[in-house]
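Colleague: Each chain, letter by letter, is given below.
4 protein chains.
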Amino acid sequence: MQHARPLPGFLVQRYHGWRATTWSENSAWYRRLAEEGQRPRAMVISCCDSRVHVTSIFGADQGEFFIHRNIANLVPPHAPDGQQHGTSAAIEYAVNALKVAHLIVVGHSRCGGVQGCHDMCSGKAPELEQASSFVGRWMDLLRPGYERVKDLPEDEQLTALEKQAVLISLENLMTFPFVASAVESGDMTLHGLWNDIGEGRLEQYDPKVGRFVPI
Amino acid sequence: MQHARPLPGFLVQRYHGWRATTWSENSAWYRRLAEEGQRPRAMVISCCDSRVHVTSIFGADQGEFFIHRNIANLVPPHAPDGQQHGTSAAIEYAVNALKVAHLIVVGHSRCGGVQGCHDMCSGKAPELEQASSFVGRWMDLLRPGYERVKDLPEDEQLTALEKQAVLISLENLMTFPFVASAVESGDMTLHGLWNDIGEGRLEQYDPKVGRFVPI
Amino acid sequence: MQHARPLPGFLVQRYHGWRATTWSENSAWYRRLAEEGQRPRAMVISCCDSRVHVTSIFGADQGEFFIHRNIANLVPPHAPDGQQHGTSAAIEYAVNALKVAHLIVVGHSRCGGVQGCHDMCSGKAPELEQASSFVGRWMDLLRPGYERVKDLPEDEQLTALEKQAVLISLENLMTFPFVASAVESGDMTLHGLWNDIGEGRLEQYDPKVGRFVPI
Amino acid sequence: MQHARPLPGFLVQRYHGWRATTWSENSAWYRRLAEEGQRPRAMVISCCDSRVHVTSIFGADQGEFFIHRNIANLVPPHAPDGQQHGTSAAIEYAVNALKVAHLIVVGHSRCGGVQGCHDMCSGKAPELEQASSFVGRWMDLLRPGYERVKDLPEDEQLTALEKQAVLISLENLMTFPFVASAVESGDMTLHGLWNDIGEGRLEQYDPKVGRFVPI
Chain A
1 MQHARPLPGF LVQRYHGWRA TTWSENSAWY RRLAEEGQRP RAMVISCCDS
51 RVHVTSIFGA DQGEFFIHRN IANLVPPHAP DGQQHGTSAA IEYAVNALKV
101 AHLIVVGHSR CGGVQGCHDM CSGKAPELEQ ASSFVGRWMD LLRPGYERVK
151 DLPEDEQLTA LEKQAVLISL ENLMTFPFVA SAVESGDMTL HGLWNDIGEG
201 RLEQYDPKVG RFVPI
Chain B
1 MQHARPLPGF LVQRYHGWRA TTWSENSAWY RRLAEEGQRP RAMVISCCDS
51 RVHVTSIFGA DQGEFFIHRN IANLVPPHAP DGQQHGTSAA IEYAVNALKV
101 AHLIVVGHSR CGGVQGCHDM CSGKAPELEQ ASSFVGRWMD LLRPGYERVK
151 DLPEDEQLTA LEKQAVLISL ENLMTFPFVA SAVESGDMTL HGLWNDIGEG
201 RLEQYDPKVG RFVPI
Chain C
1 MQHARPLPGF LVQRYHGWRA TTWSENSAWY RRLAEEGQRP RAMVISCCDS
51 RVHVTSIFGA DQGEFFIHRN IANLVPPHAP DGQQHGTSAA IEYAVNALKV
101 AHLIVVGHSR CGGVQGCHDM CSGKAPELEQ ASSFVGRWMD LLRPGYERVK
151 DLPEDEQLTA LEKQAVLISL ENLMTFPFVA SAVESGDMTL HGLWNDIGEG
201 RLEQYDPKVG RFVPI
Chain D
1 MQHARPLPGF LVQRYHGWRA TTWSENSAWY RRLAEEGQRP RAMVISCCDS
51 RVHVTSIFGA DQGEFFIHRN IANLVPPHAP DGQQHGTSAA IEYAVNALKV
101 AHLIVVGHSR CGGVQGCHDM CSGKAPELEQ ASSFVGRWMD LLRPGYERVK
151 DLPEDEQLTA LEKQAVLISL ENLMTFPFVA SAVESGDMTL HGLWNDIGEG
201 RLEQYDPKVG RFVPI
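Chains as they are written, first to last, in the UniProt record's numbering: chain A, 1 to 215; chain B, 1 to 215; chain C, 1 to 215; chain D, 1 to 215.
Next comes chain A alone, as it looks inside the complex (with noise of 0.2 Å):
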């Protein structure tokens, strides 16, 4: 692999600072984690997006959360047709393998993906409609998502978008048999949340009242 190139000078910096510091303090730990493997509490699928880490939201230890994380938080349906499936991948191996307890959805404001599925569902990125683009074909999952906001006024349509593809996430994670049976024993619970980056709001699906509400 003649193209890998050595990592930028401050990341080898700061690779030797938490060597030297965070690493160091909790070697003990580390080994330990690596010696008997993992056993998280819970799985996360979040966003790739950059300004949207869990584990500082909520001060995660090492060996805590599995983490997946994907363009707009999205899960697929169930569809064991032999071809790859990373999301699908990952919560098999964090339900059946690791055994979580919780299955966490966290979406987020300002998602790229999410403006971009409303950009195409509404016209305005036919580019994204093409069978090429990966991220297009990615978002086709949010469009019964833009179905259920389209007549909403037109600054609510983003946010409430956002706050379909977690619900269309957990749906989805329901016609995975072994996630609905996790959840049926009570073996597993899922949970929905939405965070604002720009306010740092975290707020969660509640199915009482069928909408977010701040925590």
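If you are wondering where the hints come from, they were derived from the structure by calculation, not from laboratory data. Here the structure is a predicted model, which is why all the values come from computation and not from measurement. Some hints here could point you the wrong way.
Said to hold, decoys possible - One-sided and incomplete, this derived list gives chain B residues near chain C with beta-carbon spacing under 8 Å: (1) ARG14; (2) HIS16; (3) GLY17; (4) THR21.
To be verified - Which chain A residues stay away from chain B? Per the calculated CB distances, all over 10 Å, these: (5) GLU92; (6) LYS150; (7) GLU154; (8) ASP155; (9) GLN157; (10) ASP196.
Note that the Cβ used here is the ideal one computed from N, Cα and C, for glycine as well.
We have chain A already, so just place chains B, C and D on it with the hints.
Modeller: Chains B, C and D in isolation, oriented as in the chain A frame:
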């Protein structure tokens, strides 16, 4: 979505603590990131494993890294077939929309996904061969790596396969026209890392010597 | 003391979060408790086990419970021999100095200390019989309990022994003259609880029926 | 055990509230902890004082901390004499059976036990000198600390003695061969903290400067 449950109390408490400290102390920056959008310098592709948090290793600031996490930090080859490819969508967004300057793939020791691939390829895990196994099908991506390591001494194979997961991902990245183009024009560089989670050691692939060397 | 090390960063972060929220919201009360001293209503004796936090179960306010935690929530018999008795010191302080109104012993399921006692008494853990085994000598306190449960069906013995740990502690408490006196004068009441940690169920000893009953 | 009494109604009520909320929302995790056993990252030794709850300060999840609480957070020196040593048993279990990565001693301001030690050592509490005083004999462990602080200005002595309770405990911990061995091999780290309960401030002992410094 009637299955959503309230967030466990200890996470609620930690979130409020985060908001009163980390968010509060950085609110000007969070707000600016919200208004102006993210402009991450690098995309990182790493594993979902709860023991590998690249934000910690690299002291990442909010807004610095666009992070995709999947099982075994794998990238599939370019396949514009109109299907859903979450990893490819994340790469496309990072390279074409965000124009990141670096694309860093981070593998690690004691990887459960890589272990599963090794078990599957060596005939010890027939259940992973089934079409319905999401983990099995996802780990198909690493089969070529197994071919390259299967004749090594047995106690070296797993680590070697973990490193192959990084190299094969880098190779597959170059099959994406927009990645190859950005690499060839010098707009983006590729990097392959492997983290020993117990020892906190980071190694990077050096094409001059054809192997991973400590940083 | 040259071996002291800095606190791991995730705990530093969580502490700052606590101070900015819980402490800050309760600072008037914390300050008053600091100035006027504690006046807890009850003493609780429970196990060190990380899965049993009575402050959580009883929604304890700061200042409410004086809590001693040791292996298997055991109380030794009164022995004023001039030696160091940490549990007896805690009881003496709670009863004579703080004049608590209730003394509550809380046992629990899956107790590692009780399991060790059972292994030792049934001949399966000879290493615990050695004079140098602190756990073994501490669990000697529960040997009389083993005699009472050893003829039960095998799958009932551990739970029965966990409950004996509570009952023997209550019996030993009554050998302390100041405890007996406070109980007899009505200044303090004794309570025996057992917590099923998996099911979150709490049972209390009811002398009328001579066994633990659900609360 | 005919002296056991029913739990006061307000505690019954709070327990039911806890079970309907905290337990219910976390039942999957509680059940898993029950089945698989605890794997706490750290042992904490803190005071019985009702005003110091480390689970609150550190936003502890169930299963994170193995907690021993006694009067004045004291650790006696290693004494394998076949007698009952509750604190030593807890330490032995945490280090040898649970293999915790950190052992954290937490002292605090306004400590009644430390005040008693100071009164006793300065001749103001002759009743604590009696062989039958459990608190007096327990606080004998801190006499060496009194010698180190008795020449300080009078208004500094109590705080200094509270901090000595932490340091002497750390020193005594190192007399346990299994503690010394784990510390020297890097398998466990020691930490000394002191909490100002009124101000909610946390300080840690820094061996480089030879005193406690704010965190």
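Colleague: All the hints need checking, so say for each whether the structure fits it.
Modeller: How the hints compare with the structure:
1. ARG14: holds, 6 Å
2. HIS16: Check passed: Cβ of HIS16 of chain B comes within 5 Å of chain C, closer than 8 Å.
3. GLY17: Because about 2 Å separates GLY17 of chain B from the closest Cβ in chain C, which is inside the 8 Å limit, the hint holds.
4. THR21: holds, 5 Å
5. GLU92: violated, 4 Å
6. LYS150: Consistent with the label, LYS150 of chain A stays out of reach of chain B, its closest Cβ about 19 Å off (over 10 Å).
7. GLU154: Non-interface label on GLU154 of chain A holds, nearest chain B Cβ at 19 Å vs cutoff 10 Å.
8. ASP155: holds, 15 Å
9. GLN157: holds, 18 Å
10. ASP196: violated, 8 Å
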